[in-house]
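There are 2 protein chains.
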Amino acid sequence: MVDLHDNNPPHQVVIVGGGFGGLYAAKALAKANVNVTLIDKRNFHLFQPLLYQVATGALSPADISSPLRSVLSKSKNTKVLLGEVNDIDPTTQKVMVGNQSVPYDTLIVATGAKHSYFGKDSWETFAPGLKTVEDAIEMRRRIFMAFEAAEKETDAAKRRALLTFVIVGGGPTGVELAGAIAELATKTLKEDFRNIDTSEARVLLLEGLDRILPPFAPELSQEAQASLESLGVDVQTKTLVTNIENDIVTIKQGEEVKTIASKTVLWAAGVKASAMGKVLIERTGVESDRAGRVIVEPDLSIKGHPNIFVVGDLANFAHQNGKPLPGVAPVAMQEGEYVAKLVQKRLKGETLPQFNYVDRGSLAMVGQHSAVVDLGFIKLKGFFAWFFWLFVHIYFLIEFDNKLVVMIQWLWSYFTRNRGARLITGKETIAPVPIESNGHYPTVKTRQPLNV
Amino acid sequence: MVDLHDNNPPHQVVIVGGGFGGLYAAKALAKANVNVTLIDKRNFHLFQPLLYQVATGALSPADISSPLRSVLSKSKNTKVLLGEVNDIDPTTQKVMVGNQSVPYDTLIVATGAKHSYFGKDSWETFAPGLKTVEDAIEMRRRIFMAFEAAEKETDAAKRRALLTFVIVGGGPTGVELAGAIAELATKTLKEDFRNIDTSEARVLLLEGLDRILPPFAPELSQEAQASLESLGVDVQTKTLVTNIENDIVTIKQGEEVKTIASKTVLWAAGVKASAMGKVLIERTGVESDRAGRVIVEPDLSIKGHPNIFVVGDLANFAHQNGKPLPGVAPVAMQEGEYVAKLVQKRLKGETLPQFNYVDRGSLAMVGQHSAVVDLGFIKLKGFFAWFFWLFVHIYFLIEFDNKLVVMIQWLWSYFTRNRGARLITGKETIAPVPIESNGHYPTVKTRQPLNV
Chain H
0 MVDLHDNNPP
10 HQVVIVGGGF
20 GGLYAAKALA
30 KANVNVTLID
40 KRNFHLFQPL
50 LYQVATGALS
60 PADISSPLRS
70 VLSKSKNTKV
80 LLGEVNDIDP
90 TTQKVMVGNQ
100 SVPYDTLIVA
110 TGAKHSYFGK
120 DSWETFAPGL
130 KTVEDAIEMR
140 RRIFMAFEAA
150 EKETDAAKRR
160 ALLTFVIVGG
170 GPTGVELAGA
180 IAELATKTLK
190 EDFRNIDTSE
200 ARVLLLEGLD
210 RILPPFAPEL
220 SQEAQASLES
230 LGVDVQTKTL
240 VTNIENDIVT
250 IKQGEEVKTI
260 ASKTVLWAAG
270 VKASAMGKVL
280 IERTGVESDR
290 AGRVIVEPDL
300 SIKGHPNIFV
310 VGDLANFAHQ
320 NGKPLPGVAP
330 VAMQEGEYVA
340 KLVQKRLKGE
350 TLPQFNYVDR
360 GSLAMVGQHS
370 AVVDLGFIKL
380 KGFFAWFFWL
390 FVHIYFLIEF
400 DNKLVVMIQW
410 LWSYFTRNRG
420 ARLITGKETI
430 APVPIESNGH
440 YPTVKTRQPL
450 NV
Chain Y
0 MVDLHDNNPP
10 HQVVIVGGGF
20 GGLYAAKALA
30 KANVNVTLID
40 KRNFHLFQPL
50 LYQVATGALS
60 PADISSPLRS
70 VLSKSKNTKV
80 LLGEVNDIDP
90 TTQKVMVGNQ
100 SVPYDTLIVA
110 TGAKHSYFGK
120 DSWETFAPGL
130 KTVEDAIEMR
140 RRIFMAFEAA
150 EKETDAAKRR
160 ALLTFVIVGG
170 GPTGVELAGA
180 IAELATKTLK
190 EDFRNIDTSE
200 ARVLLLEGLD
210 RILPPFAPEL
220 SQEAQASLES
230 LGVDVQTKTL
240 VTNIENDIVT
250 IKQGEEVKTI
260 ASKTVLWAAG
270 VKASAMGKVL
280 IERTGVESDR
290 AGRVIVEPDL
300 SIKGHPNIFV
310 VGDLANFAHQ
320 NGKPLPGVAP
330 VAMQEGEYVA
340 KLVQKRLKGE
350 TLPQFNYVDR
360 GSLAMVGQHS
370 AVVDLGFIKL
380 KGFFAWFFWL
390 FVHIYFLIEF
400 DNKLVVMIQW
410 LWSYFTRNRG
420 ARLITGKETI
430 APVPIESNGH
440 YPTVKTRQPL
450 NV
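So the sequence lines, in the order shown, correspond to chains H and Y. By numbering that gives the first Met the number 0, the letter at position 365 of the first sequence is numbered 364, and the numbering carries on one by one without gaps. By numbering that gives the first Met the number 0, the letter at position 375 of the second sequence is numbered 374, and the numbering carries on one by one without gaps.
Since the hints were derived computationally from the structure, they do not count as laboratory data. Computed from a prediction, not measured in an experiment: that's the story for all the values here. One thing to keep in mind: the hints can contain errors.
Each pair may be met inside one copy or between any two copies, as identical chains are not told apart.
In the DSSO-like style, the derived pairs of lysine-lysine whose C-alpha atoms are separated by at most 27 Å in a straight line are [said to hold, decoys possible]:
hint, residue 1, residue 2
1, Lys347, Lys237
2, Lys322, Lys75
3, Lys344, Lys73
4, Lys75, Lys186
5, Lys347, Lys378
6, Lys73, Lys186
With the hints as constraints, model all of the structure from the sequences given.
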C-alpha cells in the first residue's frame with residue numbers, strides 16, 4: 000500500500016518541517032495513538048547552531064545532519080514524506096505536496112525562517128546568509144577562495160579587499176563566524192601560503208545596536224567583544240549597513256558614512272518568515288508581524304483554527320511577557336513538544352494551560368577556546384564556558400543520532416587547530432576567473448529556505 | 000612578492016596535478032634544492048579509493064580529502080597554485096595557467112584520467128561515473144533519491160525501476176559500489192521506509208569479461224562474486240552494455256539481447272586520459288594509446304623532451320612486461336617518487352636505472368565486512384581481508400593528514416551499520432518532480448576531470 004495515510008486512520012497529525020520544532024513534535028508523538036506524517040523538503044534534520052562550523056571548514060555537513068527517516072525509524076506511527084508543501088486547504092483539511100494531497104486532523108506548521116535583507120534583496124548576491132547546507136558550502140567556498148585569490152593577486156588594494164571579511168550582524172551566528180574566520184587567518188592557514196601573510200586578514204563584525212549579543216547580559220557582551228578583539232576581530236557597534244554592492248560595504252556610524260572594500264561579506268543579520276507563512280495568512284486570514292511571522296494564540300494554534308498550530312521561528316508568540324519569543328532552537332523544541340502534548344490531551348477530552356517557555360539560558364562560541372554562557376542565575380565565560388557550550392551542543396546533537404564522532408573530530412581540530420573540511424567545491428572551483436572577470440563571485444542557485 | 004617563482008631560482012620543478020602521482024612527487028622533493036610549484040584545479044588532494052564510500056553515504060567528502068596547502072605547508076620550497084593549466088610551451092619551457100605563465104626547468108604532468116563511455120558520451124546523463132567529489136555527491140543524491148521516489152511511487156513497474164540499481168563494470172569500484180548499495184538496501188535503510196521494503200531492491204553488477212576483478216587471482220574473483228551474491232547482488236559476467244537511454248539499459252549476453260529498466264545506473268567501466276593528454280600530444284608530438292594515455296620512456300619522460308615527465312593514470316608505461324601498468328594509486332605514487340629522485344640525481348650529474356614498479360598486491364572491499372586481498376605470495380578473503388583492507392587504506396589516508404577520525408567514524412558505522420552521511424544535496428533536492436516530469440534525473444553540471 001502506497002497511499003500516505005491508513006484507510007481507517009486514527010487521528011491524523013501532519014507536521015510540515017523537520018527542524019527543531021517539527022522534529023521534536025514528531026518525537027513527542029512517537030508513542031501516541033495518532034498517525035503522524037512529517038513532510039520536509041530535505042531528507043535530513045539540520046543542526047543549525049553548528050552550521051557556522053561547516054561554513055568555516057571545521058565540520059562536514061553530514062556531521063551536523065541527521066537523516067529524518069533514521070531519526071524516526073523507531074516511530075512506527077510516523078511516516079516521513081520528502082516533498083514541498085505548496086498549499087493548505089483548511090476547509091477540506093488537506094495540505095498539497097506537489098499534485099498530491101495529504102489530509103490532516105491536526106496540522107503543525109514548523110517551516111521556520113529564512114534570512115531577510117530588509118527589502119534589499121540585491122545584497123544577497125554579495126552577502127550570502129547562513130541557513131542551509133548549501134549556504135554553508137557557498138560561504139566556505141567564498142572564504143577559502145578569498146585566500147586563494149589573494150595568494151595570486153598582485154595588486155595591493157585588490158589583495159586587501161580579498162583579505163577583508165565583513166560579517167553583518169552581531170548575534171550569535173555573526174559572533175561565531177567572526178571568531179572562526181579570525182582563527183582561520185591567524186592560526187589554521189598561517190603556514191599554508193607563500194605570497195601572503197594570512198594573519199594580515201581583516202575581520203570586521205558590524206552590529207547596529209550598542210553591543211554585540213544583545214540577548215545576553217551586558218557584561219557578557221563586553222566579554223565576548225574583548226575575546227573577539229583579542230583574536231584580532233574589529234568589532235564595530237552602532238553601525239548601520241546602508242548598502243552592499245560590487246564588493247563595497249557602505250556603513251553609517253552616527254552621521255559619519257564610510258565604505259569598506261571587501262570580497263567576502265557574510266550576512267548574519269535579519270530573518271523573515273519562510274514561504275509557508277504567506278500561504279497560512281492567505282488561507283486562514285491569520286495576522287502576522289513585520290517579519291511575516293504568524294501571530295499565534297496562547298496554545299500556539301492560530302485564531303479561528305484550533306487544529307492548526309505554528310511552532311518555531313515561523314511563530315510569533317507574545318503571550319508570555321508581551322514581546323515575541325526569540326527564534327532559537329530551545330523555543331522551537333519546547334513549542335513542538337507542547338503541541339504534541341496538547342494534541343494527546345485533546346484526544347482524551349482534556350486540555351492544557353497555555354504554552355510557557357522556560358528559558359534555560361543562552362550560549363555563544365567566541366573563537367575556538369572561549370565562549371559566553373548566560374544561564375540567568377550564573378554567567379560563564381572563557382574556557383569553561385567554551386567547554387560547557389561544547390557539551391550542550393554535543394548533547395543535543397547526539398540525542399537523536401550517533402554523532403559522537405563529531406565531538407571527537409572537534410576536540411581533535413580544537414587541539415590541532417586543524418580544519419580538515421576546507422574543500423572548495425560546487426559551481427566555481429577556480430577563484431581567479433570569476434573574481435578577475437566580473438569583479439565578484441557568482442551567486443549560488445541552490446539556496447533553499449529552511450526545511451520545507 | 001607575489002610572482003610565482005623566485006627571481007634567482009634554483010632548478011624550477013612544476014607539477015601539474017595533486018593526485019597520488021603529483022603529490023608524491025612533490026613530497027619527495029620537499030627537502031631537495033629545487034623550487035617546486037604544484038598546480039591543481041582543486042584545493043585538495045582526493046583519496047579516490049574511498050570515493051565510493053562518499054557515494055554511498057558512509058563518509059563525507061572532507062573525510063577523504065586533504066587540503067593540498069596543509070599537506071605541503073612544511074615544504075618551504077613548494078608553492079601551491081590553485082588554477083587550471085590550459086597550455087604548455089616546451090620551447091620557452093612555460094605552462095599557462097589562465098593568462099598567467101609559469102616557467103619550468105622540469106615539468107611533471109600528473110593530471111590523471113576521467114571516465115570514458117567508449118564514445119557513447121550520451122550515456123553519461125543516465126550513468127554518471129565516479130571520479131570527483133561532485134560525482135560522488137551526485138551518485139549519493141541519485142541513490143538515496145531513488146529510494147525516496149520509490150516510497151512515493153504508486154505504479155509497481157516504476158517502483159521496480161526505482162529500486163533497480165545497475166553498476167556497469169566489475170573492477171574494484173564497481174564491486175565496492177555494488178556491495179555498499181546492497182548493504183544499504185538490506186540493512187541500513189531497512190527500518191526507514193513505510194511503503195516499500197528496501198530489501199526488495201535489485202542490485203546488478205555487469206562485467207564484460209568472464210569474471211569480476213580481473214586483476215585478481217581467479218579464486219579471489221570467485222570469492223568476491225560469492226560474497227556479493229550472499230549480499231543479494233546479481234552478478235552478470237560476459238555481459239556487454241550496448242545502450243543506456245531513458246533509464247533502460249540494453250545488454251548483450253552472447254547472442255541474447257536483454258533490457259533492464261533502472262532509474263539508477265552507475266558507471267564504473269572505462270577511463271580515458273584527462274584533457275592535458277591532448278595538449279601534451281599537440282605540443283610535443285608524443286604518441287598516445289587508444290585511451291589517449293601518453294606513451295612514456297623507460298624513465299617516465301616523453302620522447303624528445305627529457306625534462307617533461309608524465310606519471311600516474313595519464314601515463315602509459317609498457318617497459319616492464321610489455322603491457323601498460325594499471326591505473327591504480329600505488330603505480331602513481333611510485334612513479335611520482337621515481338621522477339622526484341631522478342630529478343635530484345640529474346642535478347648531481349648522475350642518473351637512475353629505468354622505472355620499475357613493485358606490485359605489492361591488490362585489494363578490493365566486498366561489502367562492509369568482507370574483502371579480497373591478493374599479495375601474490377598470499378591471498379586473503381573475508382573478515383581478515385576486510386580488516387587488512389581497512390588498515391592499508393587508513394594508513395595511506397592518515398599519512399599526510401590526520402584522518403584518524405575517519406577510521407573511528409568508519410568502525411562506528413561498521414558496527415552500527417549506520418550511514419550518517421546520506422544527505423541529499425545539490426541542484427535537485429526533491430525527487431518526484433524531475434523523475435515524474437521528464438522520466439529521468441537532470442545531469443550535474445559540476446562534473447570535473449580528475450585534478451587539474
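inquiry  = When Cα atoms must be at most 27 Å apart, do lysine 75 and lysine 186 count as within-copy, between-copy, both, or neither?
reply    = between (48 Å within a copy, 17 Å between copies)
message = As a check of your reading, is lysine 347 near lysine 378 (CA-CA no more than 27 Å) within one copy, between copies, both or neither?
response = neither (42 Å within a copy, 66 Å between copies)
Within, between, both or neither, where lysine 347 and lysine 237 count as close if Cα-Cα is 27 Å or less = neither (53 Å within a copy, 65 Å between copies)
ask   = When no copy is named, should lysine 322 and lysine 75 be tagged within, between, both, or neither for a Cα gap of at most 27 Å?
value = Neither: 39 Å inside a chain and 58 Å across chains, both beyond 27 Å.
query = From the Cα coordinates, with 27 Å as the cut-off, is the pair lysine 73 and lysine 186 best called within, between, both, or neither?
reply = between (44 Å within a copy, 15 Å between copies)
query = Taking 27 Å as the upper bound on the Cα-Cα distance, should lysine 344 and lysine 73 be classified as within, between, both, or neither?
reply = Close inside one copy (23 Å), not across copies (64 Å); limit 27 Å.
The earlier numbered hints that this structure contradicts are 1, 2, 5.
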